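With chain A's structure known, arrange chain B on it following the hints.
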Amino acid sequence: MTLKELLPQGKGFRYNFAFIDEGVKKEVRRALLKAVALPGHQVPFASPELPIARGWGTGGLQVTMSLIGPKDVLKIIDQGCDGSVNAVNLRKLLVATTGVRTTFDSREATLLQSRHRLPEVPLRSDQIAVLQVPLPEPLRLVEPSEVETRRMHSEGDYARMWVSLYEDVVQNGSISLTSGYPCRVHDSYIMSPSPLPRWDLPLLHDAEHLTLLGAGREKRVYAVPPHTSVQPLEFDDMPFTVENFFGMCCARCGSSGTFLDEIYDETTGQASRVCSDSGFCDLVREGAIPRRGRLAHG
Amino acid sequence: MGDQVLLRVQDLGKRYGPGCSSCRDLTGPEHSTNICARCGSIAAMEGIRFDLKEGEILGVVGESGSGKSTLVQCIYFDLDATHGEIAFNGQNGGDNVLGLPRSEKRRLRGRLMGMVYQNPMHGLRMDITSGANVAEKLLEADVFHFARIRERASGLLARTEIPATYIDRFPRSLSGGMQQRIQIAKALANNPPLVLLDEVTSGLDVSVQARVLDLIRELQRELGISMIVVSHDMGVIRLLADRTLVMKDGCVVEQGLTDQILEDPQHAYTQLLVHSAL
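Same order as they appear, the protein sequences are chains A and B. Letter 86 of the first sequence, counting from 1, is numbered 86 in my numbering, and no numbers are missing. Converting from the second sequence to my numbering requires adding 1000 to each position, the first position being numbered 1.
Incorrect hints may have been included.
Claimed, not checked - A short list of chain B residues far from chain A (calculated; beta carbon distances all over 12 Å):
hint	residue
1	Cys1020
2	Asn1096
3	Arg1172
4	Ser1207
Claimed, not checked - Taking lysine to aspartate or glutamate and the EDC-like style, the derived pairs with C-alpha atoms no more than 20 Å apart in a straight line are:
hint	chain 1	residue 1	chain 2	residue 2
5	B	Lys1105	A	Glu148
6	B	Lys1105	A	Asp157
7	A	Lys71	A	Asp21
8	A	Lys219	A	Glu143
Treat the hints as calculated values from the structure; they're not laboratory data. Since this is a predicted model, take the numbers as computed values, not measurements. We treat Cβ as the ideally placed atom computed from N, Cα and C, and that holds for glycine.
Pulled out of the complex, with its shape left as it was, chain A reads as follows (with noise of 0.2 Å):
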């Protein structure tokens, strides 16, 4: 049977508007308040069985699903990109069950769910950033045991997770980390960003918007309020960096100091840089917004 037979227009059973009943939105929402209240602090909740497999952003799919409502703008990105297969499968749900309008402008959008990146543009106060997160616990790198990060968490025993960085400095020269890079969270909890680049870490600070991080397959939520300060951990003497695209800049927009990505051409097996984030690079290309010319936050 597909999707589309069970929705409204099927005979007999209905879904509810956004699929999920109002009773699971519900446990949801409470979950994101207190994930709210406690900035950083990893909420359970229970992560029901949706028609997409967990771990392909069932996670934030749920908080997408208990925020949304009929006026709604949606945009989903996965990799920076709305066209990439997840994202659009992501879409089609959400349109399906809700018929909400969509866009690829994300000052368009109210509600954002993304994988792995934020806009280049910062967002403003009116809309919400949803994550899908793969691997919530920042901890689990060194402590196997969820009774034991819990309780590191809960006593602020972070030595061990600074000793994970003090072996990659002293194996690599520098913190070798490029996503999932460990952010301390209004001075209080370590929280894992995954999978942001370092590049969104600054945005998240800080930030105009609220952040909301879901992780379905691990069965947590927790979040990011506006105005939230989030410090990547770094030693006094060696100081955070973003990634370096220095001298590089997009081959579609011209922008420089956005975060870019390679891309081979198959024929000629050439090396190219463009845009990660495929809207803002539209939106320059159609002359929009201006060709970013320096660093965003260098």
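Then chain B, alone, in the frame of chain A:
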């Protein structure tokens, strides 16, 4: 040795089991057991009371199961004492610290104490490098300057006679004596006023034992640290301790200057211990 009291322990006890009003009366050396006949609880340690002065080395001797390790583990907050008080001079207003939240205790421990366990598996993490083991202690005390951490770690490892190149090696690939010296380096990382040594030389051969004991004595003189040295070996106690507690069945049966205890033991158990050792 100063006159200032660094650590005050009062009526400290650790019980396993439900406990009852008779535990205190039915256990101890006079009953030759630490198991309460009425409720079956184990009084691993009962009514311990002593002061430790600045720069003093206190020895704790006794047979296996007499509560020696329980005592240092309670002081180090590895175990939660069932009752009693522990107070550090100048910390928490000189009041009992056992009631503090765990996060506070961790901070206190990071600043004030270092511990060397009998088995390096307990004191070191084998899956991180020697340097990282020392760094962990510094990071616990909020030292976040990488170059300074590195410098301190290599300085301490050099001081404890670990070759410079071993800083980035895993402790599991090193010998028992070296692991023990890395533990000592780790314990000293934050210049703590108090170091606890639990049977540090028990697993080592005699020549390595002598070198580790020499090192401990040198460091103690150099840095003026207070120490609590737990051992079942009278030789270690004679070499290191200014004052000694003798424990049996969870209680202190005798205490005094080490020389006095060795030359003129009063309690029957101490006499047995001294004579079998000498």
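These are the hints, each one checked on the structure:
no., hint, verdict
1, Cys1020, "holds (31 Å)"
2, Asn1096, "holds (20 Å)"
3, Arg1172, "holds (15 Å)"
4, Ser1207, "holds (32 Å)"
5, B:Lys1105 with A:Glu148, "holds (17 Å)"
6, B:Lys1105 with A:Asp157, "holds (11 Å)"
7, A:Lys71 with A:Asp21, "holds (19 Å)"
8, A:Lys219 with A:Glu143, "holds (18 Å)"
When held up to the earlier numbered hints, the structure conflicts with none and fits them all.
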